[in-house]
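Participant: Chain by chain, the residues:
Protein chains: 4
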Amino acid sequence: MDDIAVETLAEPELDEPVLIEGLPGVGHVGTLVAEHLIEEADGELVRRIHSEHLPPQVTVSESGVAELVSVDCYHVALDERDALVVTGDQQAASGVGHYRITEGVLDVAAEFGTDELLALGGVPTGELVEDHAVLGAASDESVVETLESVGVEFRENEPEGGIVGISGLLVGLGGHRGLDAACLMGETSGYLVDPKSAQAVLGVLQEHLGFEIDLTDLEERADEMEDVVERMQEIEDQNVPTEDDLRYIG
Amino acid sequence: MDDIAVETLAEPELDEPVLIEGLPGVGHVGTLVAEHLIEEADGELVRRIHSEHLPPQVTVSESGVAELVSVDCYHVALDERDALVVTGDQQAASGVGHYRITEGVLDVAAEFGTDELLALGGVPTGELVEDHAVLGAASDESVVETLESVGVEFRENEPEGGIVGISGLLVGLGGHRGLDAACLMGETSGYLVDPKSAQAVLGVLQEHLGFEIDLTDLEERADEMEDVVERMQEIEDQNVPTEDDLRYIG
Amino acid sequence: MDDIAVETLAEPELDEPVLIEGLPGVGHVGTLVAEHLIEEADGELVRRIHSEHLPPQVTVSESGVAELVSVDCYHVALDERDALVVTGDQQAASGVGHYRITEGVLDVAAEFGTDELLALGGVPTGELVEDHAVLGAASDESVVETLESVGVEFRENEPEGGIVGISGLLVGLGGHRGLDAACLMGETSGYLVDPKSAQAVLGVLQEHLGFEIDLTDLEERADEMEDVVERMQEIEDQNVPTEDDLRYIG
Amino acid sequence: MDDIAVETLAEPELDEPVLIEGLPGVGHVGTLVAEHLIEEADGELVRRIHSEHLPPQVTVSESGVAELVSVDCYHVALDERDALVVTGDQQAASGVGHYRITEGVLDVAAEFGTDELLALGGVPTGELVEDHAVLGAASDESVVETLESVGVEFRENEPEGGIVGISGLLVGLGGHRGLDAACLMGETSGYLVDPKSAQAVLGVLQEHLGFEIDLTDLEERADEMEDVVERMQEIEDQNVPTEDDLRYIG
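Taken in sequence, the protein lines are chains A, B, C and D.
Numbers given in our numbering equal positions in the first sequence, counted from 1, plus 75.
Numbers given in our numbering equal positions in the second sequence, counted from 1, plus 75.
Numbers given in our numbering equal positions in the third sequence, counted from 1, plus 75.
Numbers given in our numbering equal positions in the fourth sequence, counted from 1, plus 75.
If we strip away everything but chain A, and leave its shape as in the complex, we get (with noise of 0.2 Å):
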């Protein structure tokens, strides 16, 4: 195995697709409208990039299938053009791998003949949200103001220390590739996976790409979380002491 090898699960013609990267991050905020979109659009795995710059690690199947970690690309095809998502369950395993695994995404973003390109995140605030900006970061300032007029918005020197991994690196290394790159990050607390950062990235994606997908299934695990936030705050709420409890102590 090289230092970089690419499994060709399937060859369908694309034309130009945009690329769409949702790897494991703040809030889970982009593997979450990745795998929506591989889902409500039926997506078709097409290539499989293994690595030693990955985790040494194999995750079980529930048929009992031991499978190797992997980044995994995906063709969508959208209401007005091809999408190529790409997921996986990791991130590299070091800096150099950061660099590496991005350079090897690049690759398949180049043999589709990819010439957009937009990174899934999570930014993450500190707090509970209850309105999520989607921020962005672009490889060029025609792409800021293309995104600026879908509702992205651009922030002086945030997110604060930079973008670090491979979302960064797709948007850093793609635009000295030639592509038109960016980040778009979701705001969330940091602290709980966030179905409805997701929903904000998404409706971010549907504006600017024009498509339209059923939002039912991300909805219905925002509710969820909000039944877990709900119940852990009223579980915090019981712990502490209240004044008849304090009488007992005192």
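These aren't lab readings, by the way, just hints derived from the structure by calculation.
Beta carbons: idealized from backbone N, C-alpha and C, even for Gly.
Please note: incorrect hints may appear among the correct ones.
[Said to hold, decoys possible] Sample of chain A residues facing chain C (criterion: CB under 7 Å; computed from the structure):
1) 229
2) 237
3) 247
[Claimed, not checked] Derived coverage of chain D by chain B (criterion: at least 3 residues anywhere in the stretch with Cβ under 8 Å from a Cβ of chain B; other residues may be distant):
4) 213-219
5) 243-253
6) 291-305
[Claimed, not checked] Label pairs and their calculated CB-CB ranges:
7) 84(D) with 221(C): 23 to 29 Å
8) 99(D) with 235(A): 38 to 44 Å
9) 278(B) with 235(A): 55 to 61 Å
10) 253(C) with 78(B): 30 to 36 Å
11) 287(B) with 91(D): 52 to 58 Å
12) 78(B) with 182(C): 39 to 45 Å
13) 87(A) with 78(B): 34 to 40 Å
Take the given structure of chain A and dock chains B, C and D to it, following the hints.
Facilitator: The following block gives chains B, C and D in isolation, referenced to the frame of chain A:
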């Protein structure tokens, strides 16, 4: 020295041997089984893998001779077929190293015409286990079926975090090379060396590969371990203050 | 992308420029000087070094554009000679990375015919410093003499642990390539960004390289830092219990 | 610069010299012996190994000259034969680095026709030692016998965790290259620089290689260390409360 150096110590003719791997891990289950097979069936050391991806270390033998850390491959003649038993004192020292050592082992397997692979280990339960089930994960569904028929349990999403290290990669990468590959993991507390769990795994191996082997040695080690556990429990019991102790404190 | 990729942004003719390096480090002394030179003398970005040995990260500019982490080389025309000023947001991400990035910088230096190199930084004293000496370490004794004549202090066994990172390697590896190379390290507490220490280093540069530059900007930043330190000291003083406070405790 | 760069500083003719390695380690035993040999027998620096696998660092000499971290090989003429003494300020910075530096040292050894190798170090006992035994581990049993005849002790399973780092690998990899190789490890507390343990190792070297060397310097350093230990013990004794102290507390 290359990245991986394979030393040849013997050149027996083997007829499609099954590769059985038992490197150090949870409960030492894999190494206990591998070493038992090598000792009882009088295994012959045929290959020794050295690599800069193993820890930079020598061990010192009883005679004072320093031996470079290695992954060792033994020819073990079981009743009905040959086995290539792989064991050693150490896992790889890094994530990339796990991939490289695994490829090295698979290259040795290919050299001997291996088409089946069983990676042995333990799966931690977090509590003392009476009945040691053997869990499995396999390269494809036909292997799952075969192993289920000899008592291996395949449970949805277990082990939960997947299988990390050389055992997992042997199944993942071995499957990609076309081998019938599986992990066999004996349940074990995770706190102690576990010869009983090793016996359970060995039971599965005997039935699956059709051989019989003297288990006295492992049984004796299991008895010793039980004595250790009992003494530990006694000490613990003595440290719990009885009502009498408390009388003097109060 | 290779291990090291050098992007060409301009091709000015430089006549044996002196390389001046100021990457992030103790007290930000090096970056403060490098950035001051670039701003005041209107530096032109000529080379940008990208590498997988830098952190896997993009920073986001004010306009929302994502910029791949890089080490940047500017042409800065000083009064009597040209300089190649090297700066950036990040050091290398690993020990091997420090060696590789250093070689990359030295390759750029060679391309422009550089024969002299000054690596700037801070040396931590552990306490607030009034008088900022500039310590030196050089590739050979003739460089030591030249720099002593402009006020650089060379002290036995200082800095005690040697010089770690790209600055140290630029002198070590630069010397091996035949450059006249030196580290100039301004004394600084080690706790705060230190524009005063940067002024001291800049003073040595001015005298050594024969140029004059407006220091207003650094002086203003130094005044701001002094205000910060004063306010911190006031807060600290308020937290020390006075005799009056103690009366109530006792 | 390559992975490993060997700088040539002198080209003496050596007749099958014995390689003696003393890099930093437990009790500085190895470096103390190596430096003593170089100083007393007026060693000549013949090779300097630089590598990105060493820490990214320069040390600063008394004259203010920065020296790139290196592993240094000296020609030392002992009474009856030549020695190639290998020492330096640093071990390798990673596991892979230990392998690579070791191969670099063995390449230099081969260049000079070395067929015997002695890697020196300390073995920690965890308590202050009066009588410093010298433990051994060797590449094969004939070397074990030879060294036992000059007082080296070979003990079953000692040192318990094997020998880690360049010393261990020099014996392991050196043995594979056909050298007669051994580790000689002086017993030492593990807490302090130990010139007495170094004397014990040097005693074995003198008898084994048939040379005599002035030990005054090491004896003086040993006396100094004894003073340090005594003063530390006095301070400790003063801090133990006497009965008189306790009277006032109770």
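Participant: The structure should be examined with respect to each hint, and the outcome stated for every one.
Facilitator: Okay, the hints, checked on the actual structure:
{"no.": "1", "hint": "229", "in the structure": "holds (3 Å)"}
{"no.": "2", "hint": "237", "in the structure": "holds (4 Å)"}
{"no.": "3", "hint": "247", "in the structure": "holds (3 Å)"}
{"no.": "4", "hint": "213-219", "in the structure": "holds (count 5)"}
{"no.": "5", "hint": "243-253", "in the structure": "holds (count 7)"}
{"no.": "6", "hint": "291-305", "in the structure": "violated (count 0)"}
{"no.": "7", "hint": "84(D) with 221(C): 23 to 29 Å", "in the structure": "holds (26 Å)"}
{"no.": "8", "hint": "99(D) with 235(A): 38 to 44 Å", "in the structure": "holds (41 Å)"}
{"no.": "9", "hint": "278(B) with 235(A): 55 to 61 Å", "in the structure": "holds (58 Å)"}
{"no.": "10", "hint": "253(C) with 78(B): 30 to 36 Å", "in the structure": "holds (34 Å)"}
{"no.": "11", "hint": "287(B) with 91(D): 52 to 58 Å", "in the structure": "holds (56 Å)"}
{"no.": "12", "hint": "78(B) with 182(C): 39 to 45 Å", "in the structure": "violated (27 Å)"}
{"no.": "13", "hint": "87(A) with 78(B): 34 to 40 Å", "in the structure": "holds (37 Å)"}
When held up to the earlier numbered hints, the structure conflicts with 6 and 12 and fits the remainder.
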